[in-house]
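Trainee: Single-letter residue listing:
Number of protein chains: 2
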Amino acid sequence: MKDVRLEKLARVLVDYSIEASEGDQVVLAGATGAEPLIKEVYARLLEVGAIPVPQLTFPGMQEIFFDKAHDLHYEEIPPAILGAYEQADAFITVSAPQNTRALAGVDPAKQQALGRRNQPLQEIVIGKERWVLTQYPTEALAQESDMSLAEYEEFSFSAMALNQDDPAGFWREKAKEQQRLAERLEQADEIHILGPETDLKLSVKGRTFINGCGTHNMPCGEVFTGPIEDSAEGYVYYGVPTAVAGREVSGVRLRFERGKVVEASAEKGEEYLLSSLDADEGARFLGELGIGTNYGIPRATKNILFDEKLGGTVHLAIGKSYEMTGGTNESSVHWDMITDLREGGELYADGELIQKDGEFVGFDLGSAAKAGR
Amino acid sequence: MKDVRLEKLARVLVDYSIEASEGDQVVLAGATGAEPLIKEVYARLLEVGAIPVPQLTFPGMQEIFFDKAHDLHYEEIPPAILGAYEQADAFITVSAPQNTRALAGVDPAKQQALGRRNQPLQEIVIGKERWVLTQYPTEALAQESDMSLAEYEEFSFSAMALNQDDPAGFWREKAKEQQRLAERLEQADEIHILGPETDLKLSVKGRTFINGCGTHNMPCGEVFTGPIEDSAEGYVYYGVPTAVAGREVSGVRLRFERGKVVEASAEKGEEYLLSSLDADEGARFLGELGIGTNYGIPRATKNILFDEKLGGTVHLAIGKSYEMTGGTNESSVHWDMITDLREGGELYADGELIQKDGEFVGFDLGSAAKAGR
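Respectively, the protein sequence lines represent chains Y and X. Sequential numbering from 1 applies to the first sequence in my numbering. Sequential numbering from 374 applies to the second sequence in my numbering.
To be clear, the hints were calculated from the coordinates, so they are not data collected in a lab. Heads up, some of the hints might be wrong.
[What the hints assert, rightly or not] Counterexamples of contact, computed for chain X against chain Y with all Cβ distances above 10 angstroms:
1) 395
2) 408
3) 446
4) 451
5) 472
6) 493
7) 549
[As the list claims (entries may be wrong)] EDC-like, lysine to aspartate or glutamate: derived pairs with alpha carbons at most 16 angstroms apart:
8) X:412 / Y:47
9) X:729 / X:572
10) Y:68 / X:420
11) X:441 / Y:22
12) X:574 / X:563
13) Y:260 / Y:278
14) X:441 / Y:233
15) Y:68 / Y:107
16) Y:260 / Y:233
17) X:633 / X:651
18) X:641 / X:654
19) X:412 / Y:67
20) X:675 / X:512
21) Y:128 / Y:278
22) Y:201 / Y:189
23) Y:39 / Y:67
24) X:412 / X:440
25) Y:205 / Y:350
26) Y:39 / Y:63
27) Y:68 / X:621
28) X:441 / Y:47
29) Y:39 / X:420
30) Y:39 / X:436
31) X:574 / X:651
32) X:483 / X:376
33) Y:68 / X:380
34) Y:201 / Y:190
Computed from a predicted model, the values in this text were never measured in an experiment. Glycine is no exception: its CB is placed at the ideal position from the N, C-alpha and C atoms.
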């Protein structure tokens, strides 16, 4: 039985996100658990004359890799895979975890080594600009979210605006108001974030705010930049727990001096946190300040792709910054951690209140009430 | 629950068939239905230090391709995929059909066009010499064979000698006697095949007989060559029905004059047969004469990979011959069709009886009785 939302999602990804057209080679990377969506995307790519290059992985394959790989396997990306990425014009990636905690017992050093190895792939993908990451609802994700699969599907597809008649139109429309917000923030030097156990100032002077509206992530809804590398001063509490790299990390607290993390703790997953911060030189500096604008997401679900878009949250990623923001921080790490500002939070740009208690001031980006929940 | 036979099969494929070793890039191509085996092979490749390059496909993807593809999709192999094959050192392919008749309604011309497009891939794989094709038991294959899945698994794994303590040792041992047979046949000029509705003479003068013992197919057990292209004279009845290219073809009768098929009919699938014969210039000529030597396969199951190995059968493929045999016939088609000689068949090499009623004369390659069935 066809799910019309999958057909719609396939069209959004192919026609809107990467604007695939005749002759484009498109790497269609994904987990086999996303079979129904991947097949829809495959069909749509063929329909528009693009050339799909499937790159599928089984659940459990990473566990096998970490169990069996030799040093040489961490040294370089298989050239045959690197070559395929180099030749491609665009990328669609579909995650579909069957177990969000499958890697909880893996040595973080191994995960970082693989991350370092794969950095050139990330750079190829991002450098080609036409790429999008999405996620297919699975039982594991539903479980992580305390929902049934049917509830979680509804949650996921609502966040992607697939219940709209014209999802791409919805994202295009949303992009306009986000653009106004991005332009306002670009005029600012200092951003000040106040919230529960959080008081952080950082500079974004001269940096570009990117308007995230479904061309790289689905769901989307954020504006983000790379802050001035040595500017962060203060402390932050990331109250939104996360299942990251196959394990849970929650209750993270960081303190920054001259941009650098000088104190760090986590209520759960502290070993992984500390190990990530020590992965390389750049991992203790911020690579991203992002502001979520998606009020179609009712609550956090320990899932970065969704939680960082949640209207009324901000995220501050440690590690690599995106070149297009003007950010210059280099790292094999890029880990978005999320602070909820919906209860007692304030966001200022050069002293002007931009957001209070998770609601924007002067920008019509929706709210919990408006989203009709 | 681990199936020890899958671990054994993975070792046979990795260690024996392609002799993978440190640093080898190995394309691991397969259907997602073969997940348990593919994961075992992936693990074993990592263990020996080889670099697996998975190339997985979903069931139903070919149907989508034939439904949606434009002309341009039939024109060239996606360069990103071709590049990966060019870079690889060896290839392991695992088929796992979920429906052996899924393509019954597809225009054969489309299948041939895709076959022509993919010919360079085949040539790369064969040219690199280290490649093996196997099959994972599925419900669809069991159904095609009138068996339960458990029965079919037993059937498959027995054919691969996985019930032996040392399957690779078994194949190495078998190779010795097959070598004697191959050398005897290489001395011959004329092969004469007599059987039900079958009386065919062809020349193999100066051609090489390849000893098929698990390095390219698993299961294996055959010796084969490429006959002299214009030598086939007579007629043949392929009594073994086959599910080929997603449809059934059975009861094929061919008549040859000066090597060329001049009359052809099929009880089922005649349209596909005729279309294949007209695919190109070389499709009406024989590309292979093969003699099955696997008496661990008790009966035919409409499955070429197994049936062509069946002890007591011969196969005569229309289309492309393998270069290593000395054969020179070119075609995008290579279709092995199988004649059962176990009831009233005779096989002669320059007038000397080599096989009668499916039992070899003077070669100890096992028989139905010896196989312990």
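Trainee: Compare the structure with each hint and give your call.
Mentor: A quick look at each hint next to the structure:
Distance check for residue 395 of chain X against chain Y: the nearest CB is about 7 angstroms away, which does not clear 10 angstroms, and the non-interface claim fails. Not every C-beta of chain Y lies more than 10 angstroms from that of residue 408 of chain X, the closest at about 5 angstroms, which undercuts listing it as non-interface. At roughly 6 angstroms from the closest C-beta of chain Y, the C-beta of residue 446 of chain X falls inside 10 angstroms, breaking its exclusion from the interface. Distance check on residue 451 of chain X: its Cβ comes as close as 5 angstroms (rounded) to a Cβ of chain Y, failing to clear the 10 angstroms threshold; non-interface status is violated.
No Cβ of chain Y comes within 10 angstroms of the Cβ of residue 472 of chain X; the nearest lies about 15 angstroms off, and the non-interface call holds. With a cut of 10 angstroms on Cβ distances, residue 493 of chain X stays outside the contact zone with chain Y, its closest approach being about 16 angstroms. Against the 10 angstroms criterion, residue 549 of chain X stays outside the reach of chain Y, whose nearest CB is about 34 angstroms from its own CB. Of the pairs offered as hints, the one joining residue 412 of chain X and residue 47 of chain Y is violated, with about 32 angstroms between alpha carbons and a cut-off of 16 angstroms exceeded.
The suggested pairing of residue 729 of chain X with residue 572 of chain X holds, with an alpha-carbon distance near 14 angstroms, which does not exceed 16 angstroms. Taken as a hint, the residue 68 of chain Y and residue 420 of chain X pair is honoured in the structure, with Cα atoms around 6 angstroms apart against an allowance of 16 angstroms. As the CA atoms of residue 441 of chain X and residue 22 of chain Y are separated by approximately 13 angstroms, the hinted pair is consistent with the 16 angstroms bound. Distance check on the hinted pair: residue 574 of chain X and residue 563 of chain X sit about 7 angstroms apart at the alpha-carbon level, within 16 angstroms; holds.
For the hint linking residue 260 of chain Y to residue 278 of chain Y, the alpha-carbon distance of about 12 angstroms falls within 16 angstroms, and the restraint holds. For the hint pairing residue 441 of chain X with residue 233 of chain Y, the CA-to-CA distance comes to about 55 angstroms; that exceeds 16 angstroms, so the pair is violated. For the hint linking residue 68 of chain Y to residue 107 of chain Y, the alpha-carbon distance of about 13 angstroms falls within 16 angstroms, and the restraint holds. A distance of roughly 8 angstroms separates the Cα atoms of residue 260 of chain Y and residue 233 of chain Y; the hinted pair therefore holds under the 16 angstroms criterion.
Annotation: proposed proximity of residue 633 of chain X to residue 651 of chain X holds, straight-line Cα distance about 12 angstroms (limit 16 angstroms). Simply put, residue 641 of chain X and residue 654 of chain X have alpha-carbon atoms about 24 angstroms apart, too far for the 16 angstroms limit, and the pair is violated. Restraint check: the Cα-Cα separation between residue 412 of chain X and residue 67 of chain Y comes to about 12 angstroms, which is no more than 16 angstroms; the hinted pair holds. Our distance criterion of 16 angstroms between C-alpha atoms is met by residue 675 of chain X and residue 512 of chain X, whose separation comes to about 14 angstroms.
With a C-alpha separation of about 29 angstroms, the suggested pair residue 128 of chain Y and residue 278 of chain Y falls outside the 16 angstroms cut-off, and the hint is violated. Distance restraint check for residue 201 of chain Y and residue 189 of chain Y: the Cα-Cα separation of roughly 10 angstroms lies within the 16 angstroms cut-off, and the hinted pair is therefore satisfied. A threshold of 16 angstroms between alpha carbons decides the hint, and for residue 39 of chain Y with residue 67 of chain Y the separation of about 30 angstroms lies outside it, so the pair is violated. Under the criterion of a C-alpha separation no larger than 16 angstroms, the hint pairing residue 412 of chain X with residue 440 of chain X is inconsistent with the structure, at around 30 angstroms.
A threshold of 16 angstroms between alpha carbons decides the hint, and for residue 205 of chain Y with residue 350 of chain Y the separation of about 10 angstroms falls inside it, so the pair holds. Distance hint between residue 39 of chain Y and residue 63 of chain Y is unfulfilled; the C-alpha atoms sit about 25 angstroms from each other, more than 16 angstroms. Distance restraint check for residue 68 of chain Y and residue 621 of chain X: the Cα-Cα separation of roughly 42 angstroms exceeds the 16 angstroms cut-off, and the hinted pair is therefore not satisfied. Only pairs whose Cα atoms come within 16 angstroms are accepted, and residue 441 of chain X paired with residue 47 of chain Y is accepted, the gap being roughly 6 angstroms.
For the given pair, residue 39 of chain Y sits about 32 angstroms from residue 420 of chain X by alpha-carbon distance, which is inconsistent with the 16 angstroms threshold. Annotation: proposed proximity of residue 39 of chain Y to residue 436 of chain X holds, straight-line Cα distance about 11 angstroms (limit 16 angstroms). Proposed proximity of residue 574 of chain X and residue 651 of chain X is contradicted: the alpha carbons are some 23 angstroms apart, above 16 angstroms. Of the supplied pair hints, the one linking residue 483 of chain X and residue 376 of chain X is violated, its CA atoms being roughly 38 angstroms apart against a limit of 16 angstroms.
Restraint check: the Cα-Cα separation between residue 68 of chain Y and residue 380 of chain X comes to about 14 angstroms, which is no more than 16 angstroms; the hinted pair holds. For the proposed pair residue 201 of chain Y and residue 190 of chain Y, the alpha carbon gap of about 7 angstroms is at most 16 angstroms, so the pair holds.
In summary, the numbered hints that this structure violates are 1, 2, 3, 4, 8, 14, 18, 21, 23, 24, 26, 27, 29, 31, 32.
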